Amino acid sequence: MKPFLRASFATAKLCLKEKSYFGFINQLAGYLLQAAALGALLMIWRSLFMQGADTGGMTLEQLYAYTILSTALAPMLNVRTPVSGWLHDGTLLGLYQRPAGIFAQLAAHTVGSWGMRLMCLSVPLVVIASALGVDLRPASAWFWLSLPLAVLQGFAVDYLFACLLIRLRNLEWCVHCLREALNALFTGSLIPFAALPWGLGRILQLTPLGTLAGAPLAICTGLEQPGLLIAAQIVWNIVLWPLALRCFDASTERMVSYGG
Amino acid sequence: MAAKTRSVFRLWRLYALMDLRWMLQDTASMLIVLLSETVQNLSAMAGVLLLAVRFGGVGGMTADEVLFMLGFYELASGLCMMLFGGFNIAHISRRIGRGQVDHMLIQPRPLWVQLLTEGFMPFSGSCGFLIGLVLTAAAIRRLHIALTPVWFALLGFYLLIHIALTLGQSFLYGASAFWQPVACEEISSMILDLNSQLGRFPLFGLPGWLSGLLHTVLPVGLLAYLPALSLLRQLGKPVELGLPLGVAAVFVTAAVVCFQKGLKHYEQCSCNRYKDMGHRC
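Protein chains in written order, with numbering that gives the first Met the number 0: chain A, 0 to 259; chain B, 0 to 280.
Just so you know, the hints here were simulated from the structure itself, not pulled from any lab data. Since the model is a prediction, treat every value here as computed from it, not as a measurement. We treat Cβ as the ideally placed atom computed from N, Cα and C, and that holds for glycine. Mixed in with the good hints, there may be bad ones.
Here are some of the chain B residues that sit facing chain A, going by a computed Cβ distance under 8 Å [what the hints assert, rightly or not]:
1) Ala43
2) Val52
3) Arg53
4) Gly55
5) Gln196
6) Leu209
Facing chain B, from chain A, some residues (calculated, C-beta under 7 Å) [claimed, not checked]:
7) Ile24
8) Leu32
9) Ala36
10) Ile43
11) Leu47
12) Met49
13) Asn77
14) Leu177
15) Ala180
16) Ala183
17) Leu189
18) Ala194
19) Ala249
The following residues of chain B were derived to be distant from chain A, with all beta-carbon distances above 10 Å [what the hints assert, rightly or not]:
20) Asp101
21) Ser125
22) Ala152
23) Phe258
24) Lys263
25) Asn271
Chain A on its own, in the form it takes in the complex (with noise of 0.2 Å):
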C-alpha cells in the first residue's frame, strides 16, 4: 500500500508541476474568461431577485454560494480524468508499460492536475467572495462527506464514458459534446435543482449525473436535506465502480489510437 501512495502522490506532484501543453498564459486566460462568465451568471441571478420573481424560498445568498462555489469545486464536482484525450493520441497505451494500475495513475494525474486550477482561480475566488460578505461556510457537515462520494462517483462516470468513446470508435467530438450538454443541465452544476420547474430537480437530483455537482452543493448551500441526497450517492458509487470496472476490463482490447 505504501509504494502505491507514494507512486501516486509523486505522479501527482509531477502533473501539478509539468507545463501545460498550450501554457500558463492559456491556462490564466480559461480562469479569467470562466470568472467572466462567473460575474455576469452572478448578476444575472441579482436580476432575477431585483424583479420580485417568487424564489420558492430559496435566498440570493445561496444562490450566490452555489453559483461561486460550483465554479471553485468545479474539477471536483466534474471529474474529467485525461483518459479521453488520451485514448486518442494514443498517451493511453503508454500508461499499460508502467507498474502500476491504469486507473491510479489516471487518478494521480488527474488530482494533480487540479492543483493549479486550484491555486489561481479557487482559491482567489472563495477569498474575494468572503470578502464582499458571501457566505460560503457549508450549511451542513455532511457536506465533507458528500463531496468526496461525489468525486468518487465522477472517476467512476469518467470511466464509463471512456468506454462509451472506445464503443463509439474516438468519436471524441460527439462524445464531448454530449457530455457538456449533459453536464451542464442534468448535474445541477450550472442552475440549482430547486430552480427548476414541474417538480424536475426533485427526479434529476437523485439520478446518477445529478448526485455530481447537485449534492454536495445543495447540501453545502443548506437548499435540500442531506439524507435521501447522500444514500443517493452512495448507492450509484455502489453501482457505478463495479459497473466502470467490468466496461472498462471489456473495452481494452478495443482501443485504437491515433497519435499526432
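Mind docking chain B on chain A? Use the hints.
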C-alpha cells in the same frame, strides 16, 4: 470578379457534396453525430428556458419572449456554424496555431475565397439551425408577431450581425496565434464558448457599466438579447440598428487588420508544429 464569384458557388457545392458523402459513409456515425448535436443544442438553451418557466419570465422577458430569444440565438449561431463551422474556420486560431495556414497558402485560390467556402457544412452542421428555426417559429406563433417584409429584413440584418460578431471576435483574438501558436491555439474556442454561455441570457437589470460592457467590449448582448428585443418591437430605432452595426463594424475591421498583420508575420516566420512522423508538438 465574376469568375471568383462563380468559383465561390462551385466550391460551396463541392463542400456540400463532401459533407453529404461524409454523412452517408457510415450510418451509425451519422446518427451519433446528429444525436450529440441535437442534445447539445437543446441542453444549451434548456437551462434559461426552464428558469423562465419556473419564475414566470426572466430578465424582464416573459417565458415566450425568452423562447423567442433562445430560438433566435440557435438560428443565428446554427447558421454561422453551418456556413463557417467546418475545418475550424470559425475556430480560426486552431488552423493558425497548428501551422495549417501553409496548406491554404499553397492552394490556387485567394485566401478569402477559401475562408468563405471551406467551412460550409449544410448537412452535418445544420442541427442548430433547424432547431433554431423550429423554436423561433413556435415563439412567433405564441407571441402573435406580425410578420412584415420589414420584420424579415430586420431578422436578416441581425443574423448577419450575429455572424459578423462571432467571426470578428474569433479572427481578432485568433490572430494572436500567428505570434503565439501554442498558447493561443484554443483562444477562438474560448471566446466562442464564452459567447455561447452568456449570449443566451437576458441581460435586463444589470448595472449600467456591466450592461455597456456586454454590449460593446464583450458584445454578448448583441448576439440574441438586443436583436430579440428589437424583433419584439421593444426598442427605439437608433439603438436597434446603430449599436449592433457600429460594434460589428469595429470588430470586423479590427479582425481584418490584425489578421493581415499576423499573416505577414506568418509568411516570414511560419509555424512548424509537426514532427516528421506526423505528430504535432
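Do the hints match the structure? See the list:
1. Ala43: 7 Å, holds
2. Val52: Since chain A brings a Cβ to about 5 Å from Val52 of chain B, closer than 8 Å, the hint holds.
3. Arg53: Holds, because the Cβ-Cβ distance from Arg53 of chain B to chain A comes to roughly 4 Å (cut-off 8 Å).
4. Gly55: With a minimum Cβ separation of about 7 Å from chain A (threshold 8 Å), the hint on Gly55 of chain B holds.
5. Gln196: 5 Å, holds
6. Leu209: OK, holds: Leu209 of chain B within 8 Å of chain A, min 6 Å.
7. Ile24: 5 Å, holds
8. Leu32: 5 Å, holds
9. Ala36: The hint holds - Ala36 of chain A has a Cβ within 7 Å of chain B, the shortest such distance being about 5 Å.
10. Ile43: 5 Å, holds
11. Leu47: With a minimum Cβ separation of about 6 Å from chain B (threshold 7 Å), the hint on Leu47 of chain A holds.
12. Met49: 5 Å, holds
13. Asn77: At about 14 Å, which exceeds the 7 Å cut-off, the nearest Cβ of chain B leaves the hint on Asn77 of chain A violated.
14. Leu177: 4 Å, holds
15. Ala180: 4 Å, holds
16. Ala183: Holds. Min distance 5 Å.
17. Leu189: Interface hint status for Leu189 of chain A: holds (6 Å vs cutoff 7 Å).
18. Ala194: 6 Å, holds
19. Ala249: Violated. Min distance 19 Å.
20. Asp101: 16 Å, holds
21. Ser125: The claim holds: Ser125 of chain B sits with its nearest Cβ about 15 Å from chain A, beyond 10 Å.
22. Ala152: 31 Å, holds
23. Phe258: 19 Å, holds
24. Lys263: For Lys263 of chain B, whose nearest Cβ neighbour in chain A is about 23 Å away, the distance exceeds 10 Å, so it holds.
25. Asn271: 15 Å, holds
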